[in-house]
Amino acid sequence: MMNTLLKLHDVHTHIGQYHILQGVNFEAMEGQVSVLLGRNGAGKTTTLKTIMGLTPASQGDVQFQMQSIKKSPTHKVAKLGIGYVPENQGIFSDLTVEENMKVAMRKEDTAAMERQQYVLELFPDLKKFWKKAGGHLSGGQKQMLSMARAFINDSQLILIDEPSKGLAPIVVEKVMEAIVEMKKQTSIVLVEQNFMMASRIGDTYTLIDDGKTVHSGNMKELIQNEELKRKYLGIG
Amino acid sequence: MELIVNLVINGLATGMLIFLLAAGLTLIFGLMDVLNFAHGGLFVWGAYAGIFTYMYTESFLIGIIGALVAGAILGLLTEKFIITPVYGNHIQQILITLGLMLVLQEMIKVVFGPNGVSVKTPSYLAGSWEFGDVIIIKYRLFIIVVGFVIFGIFQYMLKRTKIGLIVRAGVQDKEMAQALGIHIKQVFLYVFMVGATLAALSGMLMAPYSGVIYAEMGMEYAILGFIVVVIGGMGSFSGSLLAAILVGLAGSFMAYYVPVLSLAVNMILMAIVLIFRPQGLFTIGKERST
Ligand SMILES: Nc1ncnc2c1ncn2[C@@H]1O[C@H](COP(=O)(O)OP(=O)(O)OP(=O)(O)O)[C@@H](O)[C@H]1O
Ligand SMILES: [Mg+2]
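For the protein sequence lines, the chains are A and X, in the order given.
Numbering-wise, our numbering comes out as the position in the first sequence, counting from 1, plus 34.
Numbering-wise, our numbering comes out as the position in the second sequence, counting from 1, plus 49.
No false leads were slipped in.
20 angstroms max Cα-Cα, derived EDC-like pairs, lysine to aspartate or glutamate: (1) Lys-208(X) with Asp-128(A); (2) Lys-105(A) with Glu-61(A); (3) Lys-113(A) with Asp-222(X); (4) Lys-110(A) with Asp-222(X).
Keep in mind that the hints were calculated from the coordinates and are not lab data.
As the structure is a computational prediction, the values presented were derived from the model and not from experiment.
The task is simple: from the sequences and hints, build the whole structure.
Right, here's the structure in full:
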């Protein structure tokens, strides 16, 4: 049996005068990789930001573990157990890799140290550049640091925004392996344009278009549905 | 030689007092992106609250504590009621904090009377040591030591502690800091209070140095503080120390050698820096908040 971890119901979000999300419905199940798909400007990033409370929903509801977090400030959402890996990775460039990890670590107990050990094995590059300034890392290394940082706090759910963006295929492969590995310990919401990647690691999909959910289901169904893929993703 | 030593000590002492004032400004600007023109008001309230506590208790140390408490309370109230509504809007910040500056200045006259108050240096810090022709005034040395100690404490806090990490992370990316579970509004409040406390301390230490306190002193020194922040680079902590020492030394040497220029020298320094290095001696981004 599988539990719903996160649920967005008819979510609307305004940024300034713009009505960006106009009815997003989305569910993420425990232990799964739930993928958000849609063309550029569809509202995928805004959906993640709305979950985090960075651009709060103006209508509808966002529930995490059956509790509404629609009105929770961002830091509370994070503390409830949602990690965030933003589109631009959000690395503190003046802080070293070590300091980036440290600032993220809310409790420095043995469990956190064990998780740190685990992510360093997952991303050996981080260990290698432990004392290097975040701003001097390569794109791929920043991506790994950002994912490691989100993982360090025993989050039940990690939101990852386009991790493959701008990375060489071989690095994309590494990031993918890491997500599959992380999935063993946490649930994941993934925004991904790279359909090859999305379809290989995603369990379910939700299609967003023009700020609205237009389709959702099992990833396997989408892989076979040429029409949906052509219409909303421009592929196939 | 003796003359040089004396001028240097004078310059350093003045520089340290300006540094304490500028350090608060630059912290508040660097982390919160807030232009606080009421900083001079916190400075003068620190001086009055501290000195009156000192006169009443006859303990300079308790006086300093009084100044710190006044700074922290005023900082708390200012952030909560004046700054919170104007985050992100520099024009509104300038207008409302300038208004507060004037209110704080006039309130001094209402509460403590319109006339200046003369201040005595506590006996154990009064007088001087003489080494040949070199005269070291104890209180000036005291200010220099306090300035370096505070600089050291803050450098250590910013570079080596978790709190420092959180502040530096918040300076660089507020949204991401929050997404990692940091309550940035609270961090802002604390930083503002610390900045206000530094301003109050600066005012308190300035009092025996200048021998008199008066309501308008806040505005006068705040201008020096702003010049230092501009020269040092907005948001740079060590830049502020360097610029403050520079301003202090320039003032002290000019007052002796070219007295007519002694008031203009700071403006000239600032103009030169703005022409050749408009971002200040230390740039935000590379050296931010360090
Ligand atoms: N701060 C903002 N102000 C105004 N409009 C915004 C803002 N942020 C996003 N938008 C608009 O909202 C829409 C959705 O943006 P969003 O970044 O969520 O899209 P996305 O699906 O993540 O796109 P991409 O695949 O290009 O990352 C876009 O039309 C964008 O222009
Ligand atoms: Mg996006």
